[in-house]
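Q: Based on these hints, arrange chain B on the given structure of chain A.
Listed in order, the protein sequences are those of chains A and B. Heads up: the first sequence begins at 2 in this note's numbering, then just goes up one per residue. Heads up: the second sequence begins at 583 in this note's numbering, then just goes up one per residue.
FYI, nobody ran anything at the bench for these hints, they're computed from the structure. Certain hints may be false.
Said to hold, decoys possible - Far from chain A, by Cβ distances over 12 Å, these chain B residues were calculated:
no., residue
1, Met583
2, Ile585
3, Ala586
4, Val609
5, Thr610
6, Thr619
7, Val633
8, Glu640
9, Leu655
10, Phe694
11, Ile700
12, Ala718
13, Phe723
To be verified - Cross-link-like lysine to aspartate or glutamate pairs, in silico, EDC-like; alpha carbons within 16 Å at most:
no., chain 1, residue 1, chain 2, residue 2
14, B, Lys588, B, Asp658
15, B, Lys588, B, Glu640
16, B, Lys588, B, Asp665
17, B, Lys652, A, Glu25
18, B, Lys652, B, Asp665
19, B, Lys652, A, Asp28
Even for Gly, the Cβ is constructed at its ideal location relative to N, Cα and C.
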Amino acid sequence: MKPTRVTNSIRALRFTRDEMTQAELADRIGVTRQTVIAIEQGRYSPSLEMAFRIAHVFGVGLDAVFQYNPDRQPEE
Amino acid sequence: MSIAQKRAWAMMIASTAAYLVYVVLIVTNLRDPMSDTPYVAPLLWTVGGSVVATVLAEIGFAVSTRREGKAALRTDERDHEIDRFGEHVGQAFIVIGAIGALVMAMLQWPYFWIANLIYLAFVLSAVLGSAARLAAYRQNFQPW
Numbered sequence: 002m003k004p005t006r007v008t009n010s011i012r013a014l015r016f017t018r019d020e021m022t023q024a025e026l027a028d029r030i031g032v033t034r035q036t037v038i039a040i041e042q043g044r045y046s047p048s049l050e051m052a053f054r055i056a057h058v059f060g061v062g063l064d065a066v067f068q069y070n071p072d073r074q075p076e077e
Numbered sequence: 583m584s585i586a587q588k589r590a591w592a593m594m595i596a597s598t599a600a601y602l603v604y605v606v607l608i609v610t611n612l613r614d615p616m617s618d619t620p621y622v623a624p625l626l627w628t629v630g631g632s633v634v635a636t637v638l639a640e641i642g643f644a645v646s647t648r649r650e651g652k653a654a655l656r657t658d659e660r661d662h663e664i665d666r667f668g669e670h671v672g673q674a675f676i677v678i679g680a681i682g683a684l685v686m687a688m689l690q691w692p693y694f695w696i697a698n699l700i701y702l703a704f705v706l707s708a709v710l711g712s713a714a715r716l717a718a719y720r721q722n723f724q725p726w
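With the rest of the complex left out, here is chain A (with noise of 0.2 Å):
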C-alpha cells in the first residue's frame, strides 16, 4: 500500500476538547471507531468532505486538523 506524508493532529484536537473519545469523535462524523484510529495513525487518508467534517466538529480549519509535510519520509 502507498504510504501517506500526510499528518494530523486529531489526537490533540481531541485531547483540547475535554478529551473527547475516538467513539464520540466517530458517531459525530458518522465513522466506525476504527476508522478514526486508522485516521489518527495515519494508515488511512480520508475523503476531503470527511476531513471538512472533522474539522468542522473541532471548529477549526482544515489546515488544524491535517499538514501536509513534503520532506517527511513516509512510513510503510
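A: For chain B alone, kept in the frame of chain A given last:
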C-alpha cells in the same frame, strides 16, 4: 473489529472450510479415471453449507453487537473502499477461472475438470479477496 472486518473473516473461514470438506469428499471417493468421480452432490452441499454458515455468522454478529447499539453495525466510506479493493483482487481469479473453463470446454475436457476449475476459481476469489480486505484493514490503506 468493525462489522465489515468480521464479515471478511466469516467469508474467508466459511469458503476455506467448505472447500477443504469438498476436497476430502472427492479424494475419499476417487474413481479411475478421476473424471468419473462423483462431484455434483459434494459441490452443491459444500457451497450450500458455506452460504448457510455465512448467513448464520451474520445473524450471530447482529445479535452479539445488539447491546453495543447501532454504531457497532455501522459501515463507512473506508469500509466501502476496502470492500471494492477486495472485490478487485477477487475478480482476477474469476476471470482466470472463466478463461480456463472456456479453453477446457473448447478442448472437450470432461465436465468434472471444468466444474472443479470454476469452483476453485470462486473459492480463490472469495478467500484471497477476503485476505486482501483483512490486510487492508491492518496495514496502510490509501484509496488514491
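Q: Test the statement that phenylalanine 723 of chain B is away from the interface with chain A: the closest C-beta pair must be farther apart than 12 Å.
A: Check fails; 5 Å does not lie beyond 12 Å.
Q: Could you check that no beta carbon of chain A comes within 12 Å of the beta carbon of alanine 586 of chain B?
A: 8 Å, violated
Q: For lysine 652 of chain B and aspartate 28 of chain A, compute the direct alpha-carbon distance and say whether it is at most 16 Å.
A: 10 Å, holds
Q: Against chain A, does alanine 718 of chain B keep a CB gap of more than 12 Å to every residue?
A: 7 Å, violated
Q: Tell me if the straight-line CA distance from lysine 588 of chain B to aspartate 658 of chain B falls inside 16 Å.
A: With Cα atoms ~14 Å apart, lysine 588 of chain B and aspartate 658 of chain B stay inside 16 Å; holds.
Q: Could you let me know if the closest chain A CB is still more than 12 Å away from the CB of valine 609 of chain B?
A: For valine 609 of chain B, whose nearest Cβ neighbour in chain A is about 38 Å away, the distance exceeds 12 Å, so it holds.
Q: Classify the label on isoleucine 700 of chain B as holds or violated, using whether its beta-carbon is more than 12 Å from each beta-carbon of chain A.
A: 31 Å, holds
Q: Test the statement that isoleucine 585 of chain B is away from the interface with chain A: the closest C-beta pair must be farther apart than 12 Å.
A: 8 Å, violated
Q: Test the statement that glutamate 640 of chain B is away from the interface with chain A: the closest C-beta pair must be farther apart than 12 Å.
A: About 17 Å separates glutamate 640 of chain B from the closest Cβ of chain A, which puts it past 12 Å; holds.
Q: Does threonine 619 of chain B clear chain A by more than 12 Å, comparing its Cβ with all Cβ atoms of that chain?
A: Answer for threonine 619 of chain B: holds, closest chain A Cβ roughly 42 Å.
Q: With a cut-off of 16 Å on the C-alpha distance, tell me whether lysine 652 of chain B and glutamate 25 of chain A pass.
A: With Cα atoms ~13 Å apart, lysine 652 of chain B and glutamate 25 of chain A stay inside 16 Å; holds.
Q: For leucine 655 of chain B, is the shortest beta carbon distance to chain A beyond 12 Å?
A: About 10 Å separates leucine 655 of chain B from the closest Cβ of chain A, which leaves it inside 12 Å; violated.
In the structure shown, a violation is registered for the earlier hints numbered 1, 2, 3, 9, 12, 13, 18, in ascending order.
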